[in-house]
Every structure is written in C-alpha cells, then in structure tokens.
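> Chains as they are written, first to last, in my numbering: chain S, 2 to 309; chain W, 2 to 309.
By construction, these hints were calculated from the structure, which means they are not laboratory data. Any given hint could be a false lead.
Computed Cβ-Cβ distance ranges for the label pairs, DEER-style [what the hints assert, rightly or not]:
1. S:A102 with W:K48: 58 to 68 Å
2. S:D70 with W:S309: 16 to 26 Å
3. W:P302 with S:D63: 53 to 63 Å
4. W:S61 with S:G55: 55 to 65 Å
5. W:S270 with S:K91: 29 to 39 Å
6. W:S309 with S:D194: 32 to 42 Å
7. W:T106 with S:K91: 41 to 51 Å
8. W:N132 with S:G55: 32 to 42 Å
9. W:N132 with S:E244: 27 to 37 Å
10. S:P291 with W:K48: 28 to 38 Å
11. W:N261 with S:A102: 34 to 44 Å
12. S:D63 with W:D306: 29 to 39 Å
Think of the CB as a built atom: it goes at the ideal place given N, C-alpha and C, for glycine as much as any other residue.
Protein chains: 2
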Amino acid sequence: MSKVLVFGHKNPDTDTITSAITYAYLKQQLGADVEAVRLGEINNETKYALEKFGFETPRSIDNVATETDQVILVDHNERQQSANGIEDVKVIEVIDHHRIANFETSDPLYFRAEPVGCTATILNKIFKENNVEIPANIAGLMLSAIVSDTLLFKSPTCTEQDVQAGKQLAEIAGVNLEEYGLAMLKAGADLSDKSLEDLLSLDAKEFTFGNVKSIVAQVNAVDVNDVLSRKDELVNLLNKYNEENGLDLYFFIVTDILNNDSVAVVVGSAAEGAAKAFDKVLNENEIDLPGVVSRKKQVVPVLTDGLS
Amino acid sequence: MSKVLVFGHKNPDTDTITSAITYAYLKQQLGADVEAVRLGEINNETKYALEKFGFETPRSIDNVATETDQVILVDHNERQQSANGIEDVKVIEVIDHHRIANFETSDPLYFRAEPVGCTATILNKIFKENNVEIPANIAGLMLSAIVSDTLLFKSPTCTEQDVQAGKQLAEIAGVNLEEYGLAMLKAGADLSDKSLEDLLSLDAKEFTFGNVKSIVAQVNAVDVNDVLSRKDELVNLLNKYNEENGLDLYFFIVTDILNNDSVAVVVGSAAEGAAKAFDKVLNENEIDLPGVVSRKKQVVPVLTDGLS
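Generate the whole structure from the sequences, applying the supplied hints.
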C-alpha cells in the first residue's frame with residue numbers, strides 16, 4: 002500500500018495547510034504512513050504561522066493519482082476544489098467544516114464534518130478522542146487556523162467551540178492569543194505590495210449556483226483601498242478571466258479585518274443578479290457588504306438562493 | 002422552529018429504526034425538540050427488539066416536507082433511500098456507516114460517517130463524547146442493531162469497534178449477548194409463515210453488472226428448507242419477475258444464520274455466468290455458498306468481477 006497523502010483545497014489558506022500538517026501528525030502518532038502536501042502556493046499569513054512555529058512548507062503536488070492511490074481530505078470535500086486526479090484515487094477520510102457537494106464514494110469511509118468555524122476545532126476533538134497529546138508547535142498551527150478562519154472570533158461562522166479550542170490551544174502553544182492573532186492576520190492582510198494577479202490566486206473557490214458557473218474569491222485587507230484604488234484594472238482582469246474560463250460570475254470580496262466589513266467587486270453576465278441577491282444595485286461593479294466577513298455563511302448561501 | 006424529525010432509510014431494518022429512536026433520545030437529553038419516525042413497515046426482527054426493551058413502534062410518515070423543515074438522517078444518506086419530500090427540507094445532521102452518494106447541502110452540517118458495521122456503534126461514541134449516560138433500554142436497542150447488522154459479529158462488515166460496543170451495550174442492557182442476539186435473529190428469520198411474494202419484497206436491491214440487469218435479494222433463515230422446499234414455485238416466480246422487468250438475473254440468497262452459510266437460487270439468462278463467477282456449476286437453479294453471509298462484501302464484488 003502506498004503512502005496516504007493528506008491535503009486541503011486548492012488556493013490553500015491557513016486552515017487548509019495547517020490542518021493537513023496537523024492531521025498527518027495525528028495519523029502518524031496512530032501508526033499510519035501519511036504525508037501532508039499542498040495544492041498551490043501558500044499565502045503570507047500561512048507563511049507567518051509556519052515560520053512562527055518552526056514548520057517547513059509542505060511540498061506541492063500536481064496530480065495526486067501519479068503519487069498514491071489513497072488520500073485524506075481536510076478542509077474541503079467538493080471535487081472541483083480538490084486535487085487534479087482526485088477521481089482516480091480512493092478517498093479514505095474527510096475532515097471538514099463546509100457544506101457537502103460534488104462528493105461521492107463507492108465504499109464507506111470516515112467522514113467527519115461539523116458546522117464549526119474551523120477544521121482545527123474538529124481536529125482538537127479528534128486528538129482528545131484518540132488520547133493523543135497536542136505538542137506546543139502543533140497547537141500553534143491549530144490556533145493559527147482558528148484565528149484565520151474566524152478572524153479572531155469576529156466571523157459569524159465562529160462558534161463557542163472555536164473560541165474554547167482557540168483559548169486552550171493558545172495556552173498549549175504558549176502565546177498571547179490576541180497579540181499573536183492580530184500580528185498573523187496583519188501579515189496576511191498587507192496587500193500594498195501585491196499585484197492584482199497575486200490577489201486573484203490567493204483564495205478563489207469555484208461554485209455552481211444553478212446554472213451560473215462562478216468564482217467567489219476573498220482577500221483580507223488592513224486597508225481596502227489597497228485593492229479598490231485599482232478597481233478598473235481589476236474589473237478588466239476578472240472579465241478576461243471569466244471569458245477564458247467560460248464563467249458567468251466573478252465575485253471578489255475584499256474584507257476589512259479591522260472593521261469587519263466587506264466590499265465586493267462583481268463581474269460577469271450574472272453580476273446584476275448577484276447584486277440583486279443581496280438586495281443591492283451594482284454600482285460600477287461594486288457592492289458594499291457591511292458586516293459581512295464570511296464567504297461561507299454570508300455570501301455563498303445568499304448567492305445559492307438568489308441565483309439557483 | 003418546527004420539531005426536528007429523525008429517521009433511517011425506506012424498507013427499514015433494525016439498525017435504521019433503533020438508531021432513529023436512540024439518536025432522538027440523545028438529542029432530547031441535549032435539549033433539542035426531536036422525534037423519531039419511520040419510512041415504512043417494520044420487520045419481525047425489529048418488532049422483537051422493540052417489544053423486548055419496551056418501546057413503541059415510531060409513527061410512520063408519508064412526506065417529510067408536510068411535517069417539518071429540518072431533519073436528521075441516520076443509517077443512510079442517499080436521496081433515493083430517504084423520505085419523500087427530502088429535497089424540500091434541510092438536513093441538519095447525518096449519522097451513517099454507508100458510502101456517500103446522491104447527497105448535497107447548501108450549508109455546513111454535522112455529518113458523521115464511519116466505516117463500521119453498524120450506526121449504533123457510532124452512536125455509542127457520540128453518547129460518550131457528549132457525556133450522556135445510555136439507559137438500559139436504549140442500550141438494548143443499540144445492541145439489537147449491532148447484532149442485526151453484523152449477524153452476531155459473523156459478517157465480514159463487522160469491525161473490532163462493533164464487537165467492543167456490542168459487549169459494553171449488552172452489559173448495560175443486562176442481557177446475555179449470545180442468547181438474546183440469537184433469539185432476536187431467529188425472530189426475524191422465521192420464514193415458515195411467509196409467502197414467497199413476501200420474501201421477494203423483504204430486501205431486494207437492483208444492480209447492473211456490466212450489461213447484466215440484476216436483482217440481488219437476501220433473506221435470513223433459521224431453516225433454509227423453509228425456502229428451498231418451495232424452490233420450483235420460487236423459480237417460476239423469479240422467471241416471471243425477470244420477464245416482466247427486463248432483467249437478466251435474479252440472484253436470491255438464503256442465509257442460514259445459525260451456520261453462517263448461504264444458498265442462492267439463481268434465475269435468468271445470466272444465471273450460468275453468475276454461478277461461474279463463484280466457480281460453481283448451477284444445479285437446478287441452485288448454488289451453495291459456504292461461509293457467505295454478506296451481500297455487500299461477498300456477493301456483489303464477485304458478480305461485479307465475473308459478469309462485468
């Protein structure tokens with residue numbers, strides 16, 4: 002039997018990368034031959050977390066089927082967000098906190114999804130259920146994932162379980178939660194030196210709402226004008242991307258992590274419909290989304306209802 | 002918010018009915034307004050278990066969407082096995098031990114699937130994770146489910162986790178595992194008063210092996226002669242069924258639950274080929290299958306290999 006690979010989604014974020022490392026560590030403690038890998042480049046926030054707690058970046062893989070025949074998915078389950086070649090390997094486990102869609106197996110498997118803010122919060126339980134101790138550096142990674150996914154407990158996706166897990170993990174990791182958390186978020190949200198092409202590749206996920214082929218991307222910003230000052234150029238870029246990829250909608254969310262609001266730049270044949278789903282009128286490809294910070298809870302369900 | 006309904010699959014078996022009752026009990030202890038219901042008539046084995054531990058049969062529902070807007074699924078996830086109207090309600094939790102297919106949500110949910118022999122084995126863990134004590138009568142139901150799904154630990158689908166859970170639950174329930182288990186299986190496997198038409202409707206599943214349109218049915222028996230003594234009549238009935246439904250194969254398994262062997266009555270244009278898949282020659286529409294008790298693990302894979 003070949004080595005089992007464990008990985009999160011494409012365009013990896015901090016939860017996806019650290020959950021792959023964390024779960025690989027847990028499985029290794031339980032005797033399995035498992036390696037954490039990644040599907041794409043890591044962002045500055047993740048880089049900050051890995052360096053802080055002394056971890057190497059996992060190696061990148063291209064097509065999973067050329068590497069192994071058994072995989073574990075963390076932080077995602079939808080086929081189109083997963084590795085190239087995923088249909089040619091056997092998924093033996095999934096640990097996730099998203100909706101379930103475009104997922105099918107021919108055999109029973111371990112599938113653990115919970116409606117919490119972060120995969121690391123579920124992993125924290127699984128460590129306990131298996132009586133495996135969490136080392137300080139792994140706890141630091143798990144804390145980083147919770148801070149990232151819940152925006153320091155400010156996101157509506159954040160549950161009491163995430164808060165409790167975050168506090169426990171900060172203690173094990175030996176860091177000040179607020180101080181470390183804000184420093185990590187800021188490391189990922191400084192967009193001033195990013196090209197627009199960089200921004201597009203940071204955290205873009207594919208969705209199909211009814212017949213509307215879409216991408217919903219999100220970037221965190223300390224200053225949303227780092228992006229909005231370049232809106233015309235961004236709209237051109239998104240239009241071009243839509244055309245080249247046969248998409249009907251590019252919904253690009255810029256989230257202000259200090260004030261917990263967002264602005265979306267919306268492009269494509271379904272752009273007006275997408276704005277209408279939020280009871281908004283598109284204003285030069287832009288809509289304000291006050292109080293919105295969660296793609297999963299505050300954007301995807303609205304687009305699902307409005308466009309399907 | 003309306004009451005949450007919890008139910009297992011259509012053509013309910015013991016695991017499906019008892020897991021609905023068991024999980025409803027657990028959720029009630031945790032403060033939720035939950036009711037266990039069923040999709041269809043219960044069989045004699047389930048009736049025996051409910052009476053033994055003092056439970057009423059859950060009420061039957063027709064269309065779930067006329068009753069509630071939130072449901073919990075146990076022991077299944079595939080849409081076609083679930084309630085009528087399932088697409089019009091929100092699935093908020095799933096506890097299952099089958100493959101995942103034909104299942105999709107728009108929001109994150111609690112989805113707990115594990116590759117064990119029985120849903121009750123997973124529920125046993127969830128009680129512990131929530132620090133809720135299992136009462137003796139609920140433990141009896143959970144034990145009944147494990148005995149039923151694993152044929153008293155004899156099925157190849159049975160895992161060490163099922164065995165351990167079964168032993169713990171028998172102790173809590175205050176019953177002798179072997180004695181009670183065999184009595185329950187026998188209650189469900191007394192076929193002497195069943196018409197052949199009854200037998201055909203008990204547990205028949207459709208499969209397509211390559212181009213071979215098939216039904217693989219299974220009944221448990223204390224005495225296989227309750228069926229085999231009526232073989233000529235059964236063969237006529239199966240031939241007629243095949244003709245009327247354009248089938249190439251009817252593979253009817255009669256499993257001896259005392260000796261853990263099976264005999265198959267095999268009818269149709271692909272009958273010889275099906276026997277050959279097991280390295281057997283068809284003997285008056287019959288083949289012996291010593292040691293075979295699991296359709297899922299010991300019959301379907303062999304027919305898939307031999308006929309596809």
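> Going through the earlier hints one by one, which of them does the structure break, listed in rising order?
1, 3, 6, 7, 9, 10
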